[in-house]
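J.: The primary structure of each chain is shown beneath.
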Amino acid sequence: MATQKTLAIIGNGMVGQHFLAQLAASPALRDYHTVTFCEEPRPAYDRVHLSEFFAGKTAEDLSLVPPGFFEEHGITLHLNDKAVAVDRQTKTIVSAKGQHIHYDKLVLATGSYPFVPPVPGHDRPNCLVYRTIEDLEAMVKAAQTAKVGVVVGGGLLGLEAAKALTDLGLQTHVVEFAPRLMAVQLDDEGGAILRRKIEGLGVRVHTSKNTSEITDGESCVNKMCFADGEALETDLILFSAGIRPRDELARSCGLEVGARGGIVIDNQCRTSDADIYAIGECALWNGMIYGLVAPGYAMARTVVADLQNQAVPFTGADMSTKLKLMGVDVASIGDAHAKTPGALTYSYQNGGSQVYKRLVVSADNTHLLGAVLVGEASEYGTLLHYCLNGIELPANPESLILPQQPATPVALGADALPDSAQLCSCFDVSKGEVCSAIANGYLTLGEVKAATKASTGCGGCSALLKSVVDAQLAKQGYEVNTDLCGHFAYTRQALYHLVRIGQLRTFDALLAKHGTGKGCDICKPAVANILASYWNEHILEPVHWGLQDSNDTYLANIQKDGTYSIVPRIPGGEIKPDMLIVLGEVGKKYRLYTKITGGQRIDLFGARLEQLPDIWQELIAAGFETGHAYGKSLRTVKSCVGSTWCRYGVADSVGLAIELENRYKGLRSPHKLKFAVSGCTRECAEAQSKDIGVIATENGWNLYICGNGGMKPRHADLFATGLDKDTLIRYIDRLLIFYVRTADRLQRTSVWLDNLEGGLAYLKSVVMEDSLGLSDELEQQMRHVIETYQCEWKATLADGNKLKRFRHFVNSSQPDSNVLFVEERGQPRPALPEEKRHFKLVGVA
Amino acid sequence: MATWQAICDVTELLPNTGLCALLDGQQVAVFYVPDPELGEVCARQVYAISNFDPFGQANVLSRGICGDIDAQLVVASPLYKQHFNLRTGVCLENEAVALPVYAVRISQNKVELAGGVGL
Ligand code: SRM
Ligand SMILES: Cc1cc2nc3c(=O)[nH]c(=O)nc-3n(C[C@H](O)[C@H](O)[C@H](O)COP(=O)(O)OP(=O)(O)OC[C@H]3O[C@@H](n4cnc5c(N)ncnc54)[C@H](O)[C@@H]3O)c2cc1C
Ligand code: SF4
Ligand code: FES
Numbered sequence: 001m002a003t004q005k006t007l008a009i010i011g012n013g014m015v016g017q018h019f020l021a022q023l024a025a026s027p028a029l030r031d032y033h034t035v036t037f038c039e040e041p042r043p044a045y046d047r048v049h050l051s052e053f054f055a056g057k058t059a060e061d062l063s064l065v066p067p068g069f070f071e072e073h074g075i076t077l078h079l080n081d082k083a084v085a086v087d088r089q090t091k092t093i094v095s096a097k098g099q100h101i102h103y104d105k106l107v108l109a110t111g112s113y114p115f116v117p118p119v120p121g122h123d124r125p126n127c128l129v130y131r132t133i134e135d136l137e138a139m140v141k142a143a144q145t146a147k148v149g150v151v152v153g154g155g156l157l158g159l160e161a162a163k164a165l166t167d168l169g170l171q172t173h174v175v176e177f178a179p180r181l182m183a184v185q186l187d188d189e190g191g192a193i194l195r196r197k198i199e200g201l202g203v204r205v206h207t208s209k210n211t212s213e214i215t216d217g218e219s220c221v222n223k224m225c226f227a228d229g230e231a232l233e234t235d236l237i238l239f240s241a242g243i244r245p246r247d248e249l250a251r252s253c254g255l256e257v258g259a260r261g262g263i264v265i266d267n268q269c270r271t272s273d274a275d276i277y278a279i280g281e282c283a284l285w286n287g288m289i290y291g292l293v294a295p296g297y298a299m300a301r302t303v304v305a306d307l308q309n310q311a312v313p314f315t316g317a318d319m320s321t322k323l324k325l326m327g328v329d330v331a332s333i334g335d336a337h338a339k340t341p342g343a344l345t346y347s348y349q350n351g352g353s354q355v356y357k358r359l360v361v362s363a364d365n366t367h368l369l370g371a372v373l374v375g376e377a378s379e380y381g382t383l384l385h386y387c388l389n390g391i392e393l394p395a396n397p398e399s400l401i402l403p404q405q406p407a408t409p410v411a412l413g414a415d416a417l418p419d420s421a422q423l424c425s426c427f428d429v430s431k432g433e434v435c436s437a438i439a440n441g442y443l444t445l446g447e448v449k450a451a452t453k454a455s456t457g458c459g460g461c462s463a464l465l466k467s468v469v470d471a472q473l474a475k476q477g478y479e480v481n482t483d484l485c486g487h488f489a490y491t492r493q494a495l496y497h498l499v500r501i502g503q504l505r506t507f508d509a510l511l512a513k514h515g516t517g518k519g520c521d522i523c524k525p526a527v528a529n530i531l532a533s534y535w536n537e538h539i540l541e542p543v544h545w546g547l548q549d550s551n552d553t554y555l556a557n558i559q560k561d562g563t564y565s566i567v568p569r570i571p572g573g574e575i576k577p578d579m580l581i582v583l584g585e586v587g588k589k590y591r592l593y594t595k596i597t598g599g600q601r602i603d604l605f606g607a608r609l610e611q612l613p614d615i616w617q618e619l620i621a622a623g624f625e626t627g628h629a630y631g632k633s634l635r636t637v638k639s640c641v642g643s644t645w646c647r648y649g650v651a652d653s654v655g656l657a658i659e660l661e662n663r664y665k666g667l668r669s670p671h672k673l674k675f676a677v678s679g680c681t682r683e684c685a686e687a688q689s690k691d692i693g694v695i696a697t698e699n700g701w702n703l704y705i706c707g708n709g710g711m712k713p714r715h716a717d718l719f720a721t722g723l724d725k726d727t728l729i730r731y732i733d734r735l736l737i738f739y740v741r742t743a744d745r746l747q748r749t750s751v752w753l754d755n756l757e758g759g760l761a762y763l764k765s766v767v768m769e770d771s772l773g774l775s776d777e778l779e780q781q782m783r784h785v786i787e788t789y790q791c792e793w794k795a796t797l798a799d800g801n802k803l804k805r806f807r808h809f810v811n812s813s814q815p816d817s818n819v820l821f822v823e824e825r826g827q828p829r830p831a832l833p834e835e836k837r838h839f840k841l842v843g844v845a
Numbered sequence: 846m847a848t849w850q851a852i853c854d855v856t857e858l859l860p861n862t863g864l865c866a867l868l869d870g871q872q873v874a875v876f877y878v879p880d881p882e883l884g885e886v887c888a889r890q891v892y893a894i895s896n897f898d899p900f901g902q903a904n905v906l907s908r909g910i911c912g913d914i915d916a917q918l919v920v921a922s923p924l925y926k927q928h929f930n931l932r933t934g935v936c937l938e939n940e941a942v943a944l945p946v947y948a949v950r951i952s953q954n955k956v957e958l959a960g961g962v963g964l
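So the sequences go chain by chain: A and B. Under the numbering used here, think of the first position of the first sequence as 1, with each following residue one higher. Under the numbering used here, think of the first position of the second sequence as 846, with each following residue one higher.
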């Protein structure tokens, strides 16, 4: 140990922590004993998302430090202790709590502080800033008795703070010294549109205002007096007038600092003392302080590399930004003010929808230098791409910002989407960004996901992302990998055939014969689904244990807090009063949240794992069956009233819906299936948005197929008209099994048909004209599924072995103490994190 | 010195699935991933990590699907599908996130656990 040197980091903010995380992942960690000083009472947290505190996030939610991080990596943390002096001669740091620490290498990551203009009265009550969690707590406290709030500063942060004040219920003003909002990023027109938008949200904006004094107010706590003689009464004042680097330690130990502050660093992030680095908002590189977190992270990487004698120089950072301020999209790229000599500009303004866009283009009209977007910023990704990568502009650059004419009918999805199309709404990733990730060498879906974050939130966009990635790879001449995953070099369709032809009954058998490794959460559920479609064995048979997604494993739908929802089948949406009463009684007894679903049935939420069997015991005793809300299988057959009651109905839509639902319930398919039956062309059951839609006519049933609601709605195609019931059912049998055999994993019928070679005409020939000679086989396979149907819950309740899985702890009957409910609108819902904390306190007392 | 605590019989372990144990108030997800080369169930085929999914903020990891990705044994969270290495607790999608890992041994046909953080 004697040879181990000491590495000290002063400041555990966003950049300081990122440095530690990078260090922990590098071999350099072993060369040093690492010590960090953190002035704040808690280790690093996410300042960028600070405003989410007002939307209910807690300090813990915002934390950037994984549990056990310091212990695990042997890093000593001096929490709540400020470094007050550095002696460069003896290489010692002295802290406020009296620690003396020797260092060999020192990293200053002290960040910055909010600048408060030194006007008289700036330190009066309720004059606050916005940088730490303590600042937020002070804001919340002050807002309790305040009615009016003013933000001084109309920049990025100021506008974000204004949002926070309106969220706290204050009448909010923004006071800006410059003649427009976001003076750094926007031009006059952009600033004016932003102003109108923000005023439209009820915030009053005062520009060109120079505060001269703050004094006692008459109707409010404070009064702001401006140089032009006007005044504004307010209870709370929030200064957001820029940041100043915290370079006081560096100054006092004689490091070189800039004329207007900031610790001077070189491309290796070294200060004027080669053993001391500075990174983040305290550092001055090439005359610049970067008030954004990404450049700080880049500096952290540079230093971790330098400690290993590797040169990863910091060479500046792009300051382009895109954000949503109070719901208004604002973006600024590169030379937004057209300062480059000879620059040309193009602008587009739409007074009605208050959209403003401007391009700044090189004198020869070939390259993009900068851009401003206000009110609508979907082109940001594409424009940034042009600007940063020096891509040559089209001959008419204005086309990049002119409104897109109603998109040409989107042919086969991916290819036809414009680059600006947003693929992932959680992480705001556009098609352009995905394509540029691919261009930068991320060549698999997994790599693209990691590089862009697309599809790593709610996951709703994963199918769309995959189709874009596949199309793009194909376009660039790469062979598109259609393997299911790393364990099977086959498509789902091929695996289906391998199961059928080899008569394989288990995952292990298929893996042993055709796969490698142990499997994963992609191939296991996919294969389980294939086996269930083909053999239709109970999905909880021991050999299939462990293959299913959580929903199938527990025959219920998992919810965000780890509890489950229960959806009994209500075929066609028809239900007797007595059955409704049972649902009500079960809901009441187990304190479940109850809701009518969009599929004409009733969902009971908030059951704990160990309660599921008891609840189902009662439901089954009353005559209910499982509703397969959890499976990739038939969900519901929606019905309208039909001829029985409706004065327009021409056939019994409810009767047919019930018959179809009972016929196909339990069929495991590549994705979920939804049907509907309407009693006349008024189409009250919305059959034309379903996988299988049936509409009654005077001449018989019309069959519509491959419709979809959801993420990317698709109108169903008319498949056949005037059918009698038997023919209708025969067609549906054939069509569904053909889909089960040939579709991709998690491919709805809509996408399947869009990708089917030969399209609708081919499908008609297979199903109606038997062009493949398969009809009998397809019908027979469906018959097998129907004959082997069992209510999965009923079978489970009869099998003690399967029931054993429904317990939370193997060694205790306690419930999960993290599952807590509060009441809203008279029903339970999962408690929010802060409510949980309150609970726990109450629990202790 | 670690103190070992028995949580269940070996027979409770089902190949390639998880179960959850309560260990001094902590929820631990225990997985049995058989390795044919090691033969009978032994501690080297049983893994224990925290049951708490830090992304979904719920106690659910024991209900995830296990498997291997790039030769690492992993479990996928049933909520948002992040993968966690069963040996180290590290999240494959975000390496800054690591779950506490617990030591496992098998003694007289009982599965025993010990420890926490950073073993
Ligand atoms: C409960 C319900 C909402 C409600 O309260 O009304 C619902 C809830 C869920 N929907 Fe839905 N969908 C419900 C009707 C719908 C409908 C409307 C309908 O069926 O008429 C649609 C659009 C129609 C369609 O599918 O074409 C719909 C389109 C989706 C989609 C998008 C599918 C797509 O192709 O884009 C998903 C995501 C997926 O399946 O991948 C989804 C996924 C889900 C999941 C399973 C998400 C999840 O994994 O947790 C939700 C499960 C809730 C639960 O625990 O029970 N839900 N969902 C509805 C259940 C109906 C039922 O009785 O079974
Ligand atoms: C409300 C808000 C919104 C923001 N939004 C964005 C955004 O959308 N995008 C973006 O890129 N950036 C944004 N930022 C800026 C971003 O937060 C900063 O760039 C980032 O935090 C800089 O990291 P840092 O580590 O350099 O400084 P900090 O995170 O401030 O950390 C410095 C730490 O060092 C401590 N310290 C200072 N001196 C000492 C000492 N002597 N001893 C011990 N500890 C000391 C401080 O107390 C502090 O904890 C935002 C900032 C705020 C406040
Ligand atoms: S679809 Fe026709 S039968 Fe059904 S409710 Fe509407 S009008 Fe009546
Ligand atoms: S939309 Fe992409 S992850 Fe939610």
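Worth flagging that the hints you see were computed from the coordinates, not collected in a lab. Check before you lean on any hint, since a few could be wrong.
In silico lysine to any residue, SDA-like type, Cα no more than 20 Å apart, as pairs [said to hold, decoys possible]:
#1 B:Lys926 to A:Lys513
#2 A:Lys518 to B:Pro945
#3 A:Lys518 to B:Ala959
#4 B:Lys926 to A:Trp545
#5 A:Lys518 to B:Arg889
#6 A:Lys339 to A:Met326
#7 A:Lys725 to A:Asn755
#8 A:Lys518 to B:Val942
#9 A:Lys518 to B:Pro860
#10 A:Lys518 to B:Cys887
#11 B:Lys926 to A:Leu77
#12 A:Lys560 to B:Glu882
#13 A:Lys518 to B:Lys955
#14 A:Lys518 to B:Glu882
#15 A:Lys322 to A:Asn365
#16 A:Lys57 to B:Pro860
#17 A:Lys91 to A:Leu77
#18 B:Lys926 to A:Lys725
#19 A:Lys513 to B:Ala851
#20 A:Lys836 to B:Ala916
A few chain B residues that don't get close to chain A, going by computed Cβ distances all over 10 Å [stated by the list, open to error]:
#21 Cys853
#22 Leu859
#23 Asn861
#24 Thr862
#25 Gly884
#26 Glu885
#27 Val886
#28 Arg908
#29 Ala948
#30 Arg950
#31 Ile951
We treat Cβ as the ideally placed atom computed from N, Cα and C, and that holds for glycine.
J.: Does each hint fit the structure? Answer for all of them.
T.: Hint-by-hint comparison with the structure:
For a cut-off of 20 Å, the pair hint linking B:Lys926 to A:Lys513 is broken: about 27 Å separates their Cα positions. A distance of roughly 24 Å separates the Cα atoms of A:Lys518 and B:Pro945; the hinted pair therefore is violated under the 20 Å criterion. Between the alpha carbons of A:Lys518 and B:Ala959 the distance comes to roughly 27 Å, so the proposed pair goes past 20 Å and is violated. Using a Cα cut-off of 20 Å, the hinted pair B:Lys926 and A:Trp545 holds, with the two alpha carbons roughly 18 Å apart.
With a C-alpha separation of about 16 Å, the suggested pair A:Lys518 and B:Arg889 falls inside the 20 Å cut-off, and the hint holds. Taken as a hint, the A:Lys339 and A:Met326 pair is broken in the structure, with Cα atoms around 29 Å apart against an allowance of 20 Å. Restraint check for A:Lys725 and A:Asn755: the C-alpha separation of about 29 Å exceeds 20 Å, so the hint is violated. Between A:Lys518 and B:Val942 the CA atoms are separated by roughly 24 Å; this puts the pair beyond 20 Å, and the hint is violated.
For the given pair, A:Lys518 sits about 12 Å from B:Pro860 by alpha-carbon distance, which is consistent with the 20 Å threshold. At most 20 Å may separate the alpha-carbon atoms for a hinted pair to count; A:Lys518 and B:Cys887 meet this at roughly 18 Å. Distance check on the hinted pair: B:Lys926 and A:Leu77 sit about 32 Å apart at the alpha-carbon level, beyond 20 Å; violated. Restraint check: the Cα-Cα separation between A:Lys560 and B:Glu882 comes to about 38 Å, which exceeds 20 Å; the hinted pair is violated.
In summary, the hint linking A:Lys518 to B:Lys955 is not supported, as the alpha carbons are separated by about 26 Å, beyond the 20 Å threshold. A C-alpha spacing of about 13 Å is found between A:Lys518 and B:Glu882, which places the hinted pair at or below 20 Å, so the restraint holds. For the given pair, A:Lys322 sits about 24 Å from A:Asn365 by alpha-carbon distance, which is inconsistent with the 20 Å threshold. Of the pairs offered as hints, the one joining A:Lys57 and B:Pro860 is violated, with about 39 Å between alpha carbons and a cut-off of 20 Å exceeded.
Distance check on the hinted pair: A:Lys91 and A:Leu77 sit about 19 Å apart at the alpha-carbon level, within 20 Å; holds. As the CA atoms of B:Lys926 and A:Lys725 are separated by approximately 43 Å, the hinted pair breaks the 20 Å bound. With a C-alpha separation of about 38 Å, the suggested pairing of A:Lys513 with B:Ala851 is violated against the 20 Å cut-off. The suggested pairing of A:Lys836 with B:Ala916 is violated, with an alpha-carbon distance near 38 Å, which exceeds 20 Å.
Remark: the non-interface label on B:Cys853 conflicts with the geometry, its nearest Cβ contact in chain A lying 5 Å away (cut-off 10 Å). Non-interface call for B:Leu859 relative to chain A: violated, since the shortest CB-CB distance, roughly 6 Å, does not exceed 10 Å. Consistency note on B:Asn861: stated as away from chain A, yet its beta-carbon is not over 10 Å from all of that chain's, at 4 Å minimum. Distance to chain A contradicts B:Thr862 as a non-interface residue, since its nearest Cβ pair spans about 4 Å, not more than 10 Å.
The Cβ of B:Gly884 lies farther than 10 Å from every Cβ of chain A, with a closest approach of about 17 Å, so its non-interface assignment holds. No beta-carbon of chain A is positioned within 10 Å of the beta-carbon of B:Glu885; the least distance is around 18 Å. At the 10 Å boundary, the C-beta of B:Val886 stays outside the reach of chain A, the nearest C-beta of that chain being 15 Å off. Consistency note on B:Arg908: stated as away from chain A, yet its beta-carbon is not over 10 Å from all of that chain's, at 5 Å minimum.
With a minimum CB-CB distance of about 15 Å to chain A, B:Ala948 clears the 10 Å threshold, and the non-interface call stands. No beta-carbon of chain A comes within 10 Å of the beta-carbon of B:Arg950; the shortest separation is about 16 Å. No Cβ of chain A approaches the Cβ of B:Ile951 within 10 Å, the least distance being about 14 Å, so the stated non-interface status holds.
Checked against the numbered hints given earlier, this structure breaks hints 1, 2, 3, 6, 7, 8, 11, 12, 13, 15, 16, 18, 19, 20, 21, 22, 23, 24, 28; the rest are met.
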